[in-house]
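Let chain A serve as the given structure and place chain B on it in line with the hints.
Chains A and B supply the protein sequences, listed in that same order. At position 2 of the first sequence (counting the first as 1) the number is 2 in the working numbering, and the numbers step up by one without a gap. At position 80 of the second sequence (counting the first as 1) the number is 192 in the working numbering, and the numbers step up by one without a gap.
Since the hints were made in silico from the structure, they are not lab data. One should not assume that every hint holds.
[What the hints assert, rightly or not] A few chain A positions that, by computed beta-carbon distances, are all more than 10 Å from chain B:
id	residue
1	S12
2	L20
3	N24
4	Q45
5	A54
6	K58
7	I60
8	E66
9	K68
10	K69
11	S70
12	S80
13	D85
14	G97
15	T104
[To be verified] Here are the simulated DSSO-like cross-link-like pairs (lysine-lysine), alpha carbons at most 27 Å apart as the crow flies:
id	chain 1	residue 1	chain 2	residue 2
16	A	K68	A	K58
17	B	K113	A	K49
18	A	K49	A	K69
19	B	K169	A	K49
20	A	K68	A	K49
21	A	K69	A	K58
22	B	K125	B	K169
23	B	K113	A	K58
Note that beta-carbon positions come from the ideal geometry of N, C-alpha and C, so glycine has one too.
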Amino acid sequence: AQSVTQLGSHVSVSEGALVLLRCNYSSSVPPYLFWYVQYPNQGLQLLLKYTSAATLVKGINGFEAEFKKSETSFHLTKPSAHMSDAAEYFCAVSDPGNQFYFGTGTSLTVIP
Amino acid sequence: KAGVTQTPRYLIKTRGQQVTLSCSPISGHRSVSWYQQTPGQGLQFLFEYFSETQRNKGNFPGRFSGRQFSNSRSEMNVSTLELGDSALYLCASSLGKGAYEQYFGPGTRLTVT
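Bound conformation, chain A alone (with noise of 0.2 Å):
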């Protein structure tokens, strides 16, 4: 079975410094793995996704995040964060029966 850990549920920024959120995963075959953003009081938002096609990925709202199979690792970053990158931030792992396996969530805090 697939599983995904979210290291710290909350992580708190200045407004202009760099965003790291951590995800580990854990998977027998080669993981198609995803970011999602969610806001309060709406659904999870896709972010970006690694398909196994290049290792460093690009999403939607200047994050992106590198896969690398020796740590098991898919990590997001943001190099400057801005006050409307606030929300929780959830990691996922899908396997190839199509069943998603989601991390705990990691709530960012943007301080101005």
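Relative to chain A, chain B alone:
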């Protein structure tokens, strides 16, 4: 393309009642998954339907059930509601194979009193 829609958006029910939630996927998507989201438990997978068949199932009691229609619309039903069923219920649709991302609806906020 229209996104995933869920109805109703908000619902208040009394313990012991039953409830039915509806989800309309993105046009062309054949897979619909349901999740329960609570502050304490995070996102928990309920079940997934693909072409009217339940393909995957999470670890929830039999009070939680679902179905999918030939037009890919899906419903989930919760019988004999308990206070702990209060949650945001999210529906997500996808084309149906592992590489394809899921697209989420806005959710139905269920409150059980």
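(request) Check each numbered hint against the structure and report the violated ones by number, ascending. (result) 4, 14 and 15
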